[in-house]
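Engineer: All chains, please: the whole structure from these sequences, using the hints.
6 protein chains.
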Amino acid sequence: MKRALYPGTFDPITNGHLDILKKAARIFDEVILAVASITGKDTTFTVEERLELCRQATQGMANIRILSFDGLVVDCARKTGALAMIRGLRAISDFEYELSLAMMNKKLYGDLDTIFLVPDNKYLYLSSTIIKQVVYLNGNIPDLIPQCVEQALKKKNLQHNNDLEKK
Amino acid sequence: MKRALYPGTFDPITNGHLDILKKAARIFDEVILAVASITGKDTTFTVEERLELCRQATQGMANIRILSFDGLVVDCARKTGALAMIRGLRAISDFEYELSLAMMNKKLYGDLDTIFLVPDNKYLYLSSTIIKQVVYLNGNIPDLIPQCVEQALKKKNLQHNNDLEKK
Amino acid sequence: MKRALYPGTFDPITNGHLDILKKAARIFDEVILAVASITGKDTTFTVEERLELCRQATQGMANIRILSFDGLVVDCARKTGALAMIRGLRAISDFEYELSLAMMNKKLYGDLDTIFLVPDNKYLYLSSTIIKQVVYLNGNIPDLIPQCVEQALKKKNLQHNNDLEKK
Amino acid sequence: MKRALYPGTFDPITNGHLDILKKAARIFDEVILAVASITGKDTTFTVEERLELCRQATQGMANIRILSFDGLVVDCARKTGALAMIRGLRAISDFEYELSLAMMNKKLYGDLDTIFLVPDNKYLYLSSTIIKQVVYLNGNIPDLIPQCVEQALKKKNLQHNNDLEKK
Amino acid sequence: MKRALYPGTFDPITNGHLDILKKAARIFDEVILAVASITGKDTTFTVEERLELCRQATQGMANIRILSFDGLVVDCARKTGALAMIRGLRAISDFEYELSLAMMNKKLYGDLDTIFLVPDNKYLYLSSTIIKQVVYLNGNIPDLIPQCVEQALKKKNLQHNNDLEKK
Amino acid sequence: MKRALYPGTFDPITNGHLDILKKAARIFDEVILAVASITGKDTTFTVEERLELCRQATQGMANIRILSFDGLVVDCARKTGALAMIRGLRAISDFEYELSLAMMNKKLYGDLDTIFLVPDNKYLYLSSTIIKQVVYLNGNIPDLIPQCVEQALKKKNLQHNNDLEKK
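Protein chains in written order, with this note's numbering: chain A, 1 to 167; chain B, 1 to 167; chain C, 1 to 167; chain D, 1 to 167; chain E, 1 to 167; chain F, 1 to 167.
Calculated from the structure, these hints are not laboratory results.
Heads up, a few of these hints could be off.
For identical chains, the list gives no copy identity; a pair is met inside one copy or between any two copies.
[As the list claims (entries may be wrong)] Dumping the calculated DSS-like pairs for lysine-lysine here, alpha-carbon to alpha-carbon at most 27 Å: (1) LYS122 - LYS132; (2) LYS156 - LYS107; (3) LYS107 - LYS154; (4) LYS23 - LYS2; (5) LYS106 - LYS156; (6) LYS154 - LYS41; (7) LYS106 - LYS2; (8) LYS79 - LYS22; (9) LYS122 - LYS154; (10) LYS132 - LYS155; (11) LYS23 - LYS122; (12) LYS154 - LYS132; (13) LYS155 - LYS2; (14) LYS155 - LYS106; (15) LYS41 - LYS2; (16) LYS79 - LYS154; (17) LYS155 - LYS107.
Structural biologist: This is the structure:
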């Protein structure tokens, strides 16, 4: 069974991620969407919330498994028996950072290759960060994120504003 | 009347920004320098201070208007009736980020095109951040910032050092 | 009257060029599409053919003028009284070359600024070269070039194949 | 059966290409090394020579097939039933060109995804062109090309020098 | 005496830094490794710890001097009589930032040129940040950092975990 | 004696090259300007003409030697006892190609390091090619090339035009 790991923060998952995931699922027998619990920076959603949004957004997709991991991504790959790691490429700046990660991971675990997939044109410059900025400033972008993510982001905003008012 | 929006943080405005502004003012009937009040990170100057420095630095320029905005830049463009948005390009890394913003803004407001202008050679690698670092470390760079900005930066530094001493 | 120059080889004109042209025509009172007769390399179409395809492809557009030029692009700008030069930006590699040209042109003619426009997503990675390769290898890409250009390219191919058979 | 296409000029095949090929062969059930006969530029080796060198260099590799193709790479993918196309990524400049190709190919044949693999560190900046330059100038680089390729390149050089002497 | 300055944060020093240092020491009569005490962000090690690790890692190297500096790097260069500044180049993104710094430094101190050196292949994508992430997540990478740095990093981790437990 | 090699085509030498040369001559005891006789493409000037222009342009510079070479640049470095190779960096696209060359040269001759120098701002986007285009189209750029080069380029143009008329 050929298995691939698709690791990330997914804070939150976007249609760009889902596009990569579908492409990977055509190539591999199983794709494991691995949500990092330790991210080194503050996340908008907790790891449980991120996992739940990934689950809702991938409903109906057959050969996908979702889990969270802490520690090195290569250890997660080793444990799950993944032979490759999936990464989405959006832009040049991504490319260099990804190349750097790929080399380090190859060094730490020689049996793991990184394969890069390119999202569709419309998702080329999409990132979780830009999505959150737009929603935070009350912009509307329904076709770039799953509906469940849109609702979750709006709820977060509301909560945030209420917290501010109480102070 | 052909109107353009030149949005930014301007924390503080530099001669590179002024160079772009002058170029834009030759092409459009009016250029609106729009200072973002919500920036997502700590600014050195408050939005009022940044507005005031912009006003002083652009004194005598005819077809310029200065205002501040919160919310999405496309909403500011819509309200002011701007048909294009001005962005200065300094370097490759800028280019990708700017392209990403341009695409998102186009998506949010189809009538708004982004036009990129390139500053003169001597401002190519200039940024507000590098200016602040140099002034903070007591370096002197009079020909890269307006005089009013230089004084304001030195005053900030002094204030900062006094605050430290009081502690 | 605010006039801009949009120079290029246009060998042949694509929908990406037309997209840039339309954007420029919203900003300026007149946009001059200037076809270079001296290009420094072999062109698929003669300058007359390239001009004719530009004319057909821009039919019905109001504030557009089409002409050919030899010599420096800045001399063409000076003669036509253009205050800015339009360039389309597609990718990073473009960006550097364009920056280099913009600086040289600014040096040769200080009154001419270069403004960069970004084509729509679907034209981001489009070039005349890739179009010609695909048509040459009998691929079909109707929505990336005007119909007149598609016909002209197919005719060129046919002619080319007949020439080969006669030998 | 999951099949991938690895198209290229392979003029000649290098250890960098072989590294990518091996990585692809771990992921897919079959990898088709597809040598382009029409390349749009002069090649050092004829398509037959390039095929033969590919055959010798891949001897003993199990799930590899070698063929040549003319026409569009997507037509070759369609005919062979490949669900993905393999591309090796070496550097940024590669990346943009490859992205452009990937988008055009996706447009021409929606069922074909491009997947990018990164060669080992030592092959990161390797290209057929730089190899040929070094051999042409009598340099020695045995561990970057298969032995059969080294011999073929030296023979070409010898032949070339004899031709020059006869004139 | 031809003297060069090699400034940085060195938080901590890696084998990539040492590789650059050795290359510089072949060219110059003396190379000053200058550790920045003011870095503008939190460091993992104090400036004294960073200096000590640099000293241990460079033991036995002849024409090296180690010092710390606060203030502008050009002032440090002026005081030490350095005629050039050494910078290691790893990747494109580095390149632009470094170019920007080089230009600003040249402006602040005209007698100081920046020279760029490229580390060996195996250190091309190495950074202090990625090293710290791997060690933090309990990965093992002995051949990318000096032994003294490895021990220091593990000790920091242990301390950090103990602090967490006490809370 | 610390000696560096500065190899190139120098077709023709520009003020950008001279700027790099002067910077290198401050660092090394001797800098060898090495003009490649085999360049793999047509040159505007013969190797003798290029050598002569280099000689005229560097008159009065003390620790410079000028020679031509065929074969590998590393062989030239070995013969002349150079311990480093100088390369000028102008732009990102340069950077990658240069990195590739540096790695190959290091592989071919382990004792040779490549050091990169950045030209002054005004030469950042200057190349021999763009200079020749401008002069060919009758543009004037006296401060970017030495006077002797300007005269030589104009003479070449005249000659070229006379040749055309005779046909």
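Engineer: Determine for every hint whether it applies to the structure shown.
Structural biologist: Each hint, compared with the structure:
1. When the C-alpha separation of LYS122 and LYS132 is checked against a cutoff of 27 Å, the pair qualifies both within a copy, at 17 Å, and between copies, at 24 Å.
2. In this assembly of identical chains, LYS156 and LYS107 lie within 27 Å of each other by CA distance solely across copies; the values are 23 Å between and 39 Å within a copy.
3. In this assembly of identical chains, LYS107 and LYS154 lie within 27 Å of each other by CA distance solely across copies; the values are 19 Å between and 41 Å within a copy.
4. Within a single copy, LYS23 and LYS2 get their C-alpha atoms as close as 15 Å, and across copies as close as 13 Å, so both meet the 27 Å cut-off.
5. With identical chains, the CA atoms of LYS106 and LYS156 are at most 27 Å apart between copies only, with a shortest distance of 26 Å across copies and 38 Å within one.
6. Taking CA atoms no more than 27 Å apart as the test, LYS154 paired with LYS41 passes in both settings, with 21 Å inside one copy and 21 Å between copies.
7. With identical chains, the CA atoms of LYS106 and LYS2 are at most 27 Å apart both within one copy (18 Å) and between copies (24 Å).
8. Taking identical chains as interchangeable, the C-alpha atoms of LYS79 and LYS22 lie at most 27 Å apart whether they share a chain (23 Å) or sit on different chains (23 Å).
9. In this assembly of identical chains, the alpha carbons of LYS122 and LYS154 lie at most 27 Å apart only when taken from the same copy (23 Å versus 30 Å across copies).
10. In this assembly of identical chains, LYS132 and LYS155 lie within 27 Å of each other by CA distance solely inside one copy; the values are 12 Å within and 35 Å between copies.
11. For the identical chains of this complex, LYS23 and LYS122 are neighbours both inside a copy (15 Å) and across copies (20 Å), given an alpha-carbon limit of 27 Å.
12. In this assembly of identical chains, the alpha carbons of LYS154 and LYS132 lie at most 27 Å apart only when taken from the same copy (10 Å versus 35 Å across copies).
13. Taking the shortest alpha-carbon separations for LYS155 and LYS2, neither the intra-copy value of 39 Å nor the inter-copy value of 39 Å comes in at or below 27 Å.
14. Proximity of LYS155 to LYS106 under the C-alpha cut-off of 27 Å is restricted to the inter-copy arrangement: shortest distance 26 Å between copies versus 40 Å within a copy.
15. Taking CA atoms no more than 27 Å apart as the test, LYS41 paired with LYS2 passes in neither setting, with 32 Å inside one copy and 39 Å between copies.
16. Taking CA atoms no more than 27 Å apart as the test, LYS79 paired with LYS154 passes between copies only; the shortest distance there is 24 Å, against 36 Å inside one copy.
17. In this assembly of identical chains, LYS155 and LYS107 lie within 27 Å of each other by CA distance solely across copies; the values are 23 Å between and 42 Å within a copy.
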